[in-house]
Amino acid sequence: MIRIGIVEDDNACATRLVEHLRRYEREHGHRFAVARFTDGAQAVAAHRPGAVDVLLLDVEMPALDGFSAARAIRAVDPDVPIVFVTHLAQAAARGYEVEALGYVVKPVPYFAFAQQVTRALARVRRDHEDALLLAVDGGLERVPVADVVSLESARNRTTVHTLTAQHSVVRPLKALEAALPGAGFARAGAGAVVHLRHVLAVRDGEAVLVDGRRVAISRARRKAFLAALTDHLGARAS
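Just so you know, we're using the UniProt record's numbering here: the sequence shown kicks off at 1 and counts up by one.
These aren't lab readings, by the way, just hints derived from the structure by calculation.
Ideal placement from N, C-alpha and C gives every residue a C-beta, glycine not left out.
Be aware that one or more of the hints could be misleading.
To be verified - Computed Cβ-Cβ distance ranges for the label pairs, DEER-style:
| no. | residue 1 | residue 2 | range |
| --- | --- | --- | --- |
| 1 | 75 | 38 | 17 to 27 Å |
| 2 | 147 | 223 | 24 to 34 Å |
| 3 | 45 | 78 | 11 to 21 Å |
| 4 | 118 | 89 | 18 to 28 Å |
| 5 | 135 | 45 | 13 to 23 Å |
Full structure from sequences and hints, please.
As structure tokens, this is what we get:
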């Protein structure tokens, strides 16, 4: 399910955007969950990283216009794809200020809209492939896969160790492991997955990691772990 946020004060335009999304669903086999906000301030107050996958944002709104809303959203979420909806193409050209993906001009034609949605979904797929989305402190946090050092489970929680922080989540290690790229990670034991790029050495049956921690490599996993590490180092050297 792909979450789309529509920020639009005009009911007729909002209805048209939803109709276009339903048509896109039928033609491309996607499913959208749509949340509508009737003004920029409402959207800013509700937004959290990961709350929506794509934001369709009207430029001309009373109180808080689309550009001001986009700047406020970018302050907390630098990644969500933003597509502006506007009466004036010249106005939408300012989208570079907030790294907008693109724009559509009202009355919004379906094919121009579909092009922007396709671009936005490609961005979403790429971002999701390169990051873990973790439920942390009542919100969602996007953690770049490149920063993940290891994942370790205890009881019903998994701790994701990154280069700069630790995130403890109620999610099975197996589920988080499945969300990672296959290459570059290896099981060190039943309760630990290690990012091979952050292994400094293997000593005394432990993986020495860049953050100073050591993760025990179980006897059952040792051969496979060392083989994966050797392959990884060979691939980086080639």
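*So does residue 135 sit 13 to 23 Å from residue 45, Cβ to Cβ?*
holds (20 Å)
*Could you check the hint for me, namely that residue 75 and residue 38 are 17 to 27 Å apart, CB to CB?*
Given a distance of about 22 Å, which is inside 17 to 27 Å, the answer is holds.
*If you check the beta carbons of residue 147 and residue 223, does the distance land in 24 to 34 Å?*
holds (28 Å)
*Note whether the CB distance of residue 118 and residue 89 lies within 18 to 28 Å or breaks it.*
Check passed, 20 Å falls within 18 to 28 Å.
*For the range 11 to 21 Å, tell me whether the beta carbons of residue 45 and residue 78 fit it or not.*
holds (18 Å)
Hint check: no violations occur; every hint is consistent with the structure.
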